[in-house]
Amino acid sequence: MKKYLIGICAVVVAFTGFAFKEAKSAKRADMYVFEFRSTQPYTQANVQDISNTYWEYKGKNLAGCASVNQKACRVLVGAAYVDNPSSPSELSGLTITAVQSGTTAHVSGISGSGNLYSNQPD
Amino acid sequence: MNLNKTYDTEVTFNRRWKLLADSTAGLLICLFLYTGIDKLYHQSQFKDALQKSPVLSGYATLLAWSLPTSELFIALLLFMPQTRKYGFKASVVLLSAFTLYLSYMMVFAPKLPCMCAGLLESLSWRMHLALNVVLIVISILGLIACGKRSNDGTRAPPANQG
Numbered sequence: 001m002k003k004y005l006i007g008i009c010a011v012v013v014a015f016t017g018f019a020f021k022e023a024k025s026a027k028r029a030d031m032y033v034f035e036f037r038s039t040q041p042y043t044q045a046n047v048q049d050i051s052n053t054y055w056e057y058k059g060k061n062l063a064g065c066a067s068v069n070q071k072a073c074r075v076l077v078g079a080a081y082v083d084n085p086s087s088p089s090e091l092s093g094l095t096i097t098a099v100q101s102g103t104t105a106h107v108s109g110i111s112g113s114g115n116l117y118s119n120q121p122d
Numbered sequence: 001m002n003l004n005k006t007y008d009t010e011v012t013f014n015r016r017w018k019l020l021a022d023s024t025a026g027l028l029i030c031l032f033l034y035t036g037i038d039k040l041y042h043q044s045q046f047k048d049a050l051q052k053s054p055v056l057s058g059y060a061t062l063l064a065w066s067l068p069t070s071e072l073f074i075a076l077l078l079f080m081p082q083t084r085k086y087g088f089k090a091s092v093v094l095l096s097a098f099t100l101y102l103s104y105m106m107v108f109a110p111k112l113p114c115m116c117a118g119l120l121e122s123l124s125w126r127m128h129l130a131l132n133v134v135l136i137v138i139s140i141l142g143l144i145a146c147g148k149r150s151n152d153g154t155r156a157p158p159a160n161q162g
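Chains as they are written, first to last, in the UniProt record's numbering: chain A, 1 to 122; chain F, 1 to 162.
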């Protein structure tokens, strides 16, 4: 038993750390992530259109994109900005501002406090 | 010649190696267990991050399972004193592969956010790379300490020649 002592201590520390981190992140509000459909043309009008035709729901609390302002990628919004928080499919009550740069458009602004956006390289 | 004194010095020397092997194993068990569980628990986020990677996107599903499984397996190898040496070797291999990947990402996709487990998610690519190098050094130290320990055998104290 003594020879496993260090391992047992390490297991306890790892599980405690994980449980502590989870309890802390559970207090944080969920962010709903929508991604601009890559099959659609990256025009300013399309990027600013919040309908499901252009912005697809990807999941909760996902990471953003590369943050290179060349073409639209993802928006991360709170529960108040989705059609149905328990089963989201579309953005709702949100304004996205886009800028056309060359052949593609990227997001330059988003309404609502706490909402985020990230673009990607072309 | 005082054989007992020589033996005592050797025992102290071996205890130091044992302490080093145990403490490095403990640290790495913590690391691999924590990151492995975190990746499995947040599997969809981890897979999503892999899909965004320029080099790993094609293997995202495979890696989303195999990487945390490997981490938990290494933690298990390190946990058991009989297999600890293999655990340290596997740790060096996995951390080296990860360091190569980090170096590649720093050059080709430095702006991509890092999907790292727990406390590590706040680190930049550069900080993560530095941490990985330190962890590789710790694994190598553990491997050396393990080798020194296994060389000492189970020697009995010298018979008193009085």
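Calculated directly from the structure, the hints in this document are not laboratory data.
Worth double-checking, as some hints may not be accurate.
What the hints assert, rightly or not - Straight-line distance between alpha carbons at most 20 Å, and here's what the computed EDC-like set of lysine to aspartate or glutamate pairs gives: (1) A:K2 with A:E35; (2) A:K58 with A:E35; (3) F:K47 with A:E22; (4) A:K58 with F:D48; (5) F:K47 with A:E56; (6) A:K60 with A:E90; (7) A:K2 with F:D48; (8) F:K47 with A:D83; (9) A:K60 with A:D83; (10) F:K47 with A:E35; (11) A:K2 with A:D30; (12) A:K60 with A:D122; (13) A:K27 with A:E56.
Hint-by-hint comparison with the structure:
1. A:K2 with A:E35: violated (53 Å)
2. A:K58 with A:E35: holds (7 Å)
3. F:K47 with A:E22: Roughly 19 Å between the alpha carbons, so the hint for K47 of chain F and E22 of chain A holds.
4. A:K58 with F:D48: Holds - the C-alpha atoms of D48 of chain F and K58 of chain A are around 9 Å apart, at most 20 Å.
5. F:K47 with A:E56: holds (17 Å)
6. A:K60 with A:E90: Given pair K60 of chain A, E90 of chain A holds - Cα atoms ~13 Å apart, limit 20 Å.
7. A:K2 with F:D48: violated (42 Å)
8. F:K47 with A:D83: violated (25 Å)
9. A:K60 with A:D83: Given pair K60 of chain A, D83 of chain A holds - Cα atoms ~14 Å apart, limit 20 Å.
10. F:K47 with A:E35: This hinted pair holds, its Cα atoms lying about 16 Å apart.
11. A:K2 with A:D30: Answer violated: K2 of chain A to D30 of chain A is near 44 Å, above 20 Å.
12. A:K60 with A:D122: violated (25 Å)
13. A:K27 with A:E56: violated (26 Å)
In terms of the numbered hints stated before, the structure departs from hints 1, 7, 8, 11, 12, 13, listed from lowest to highest.
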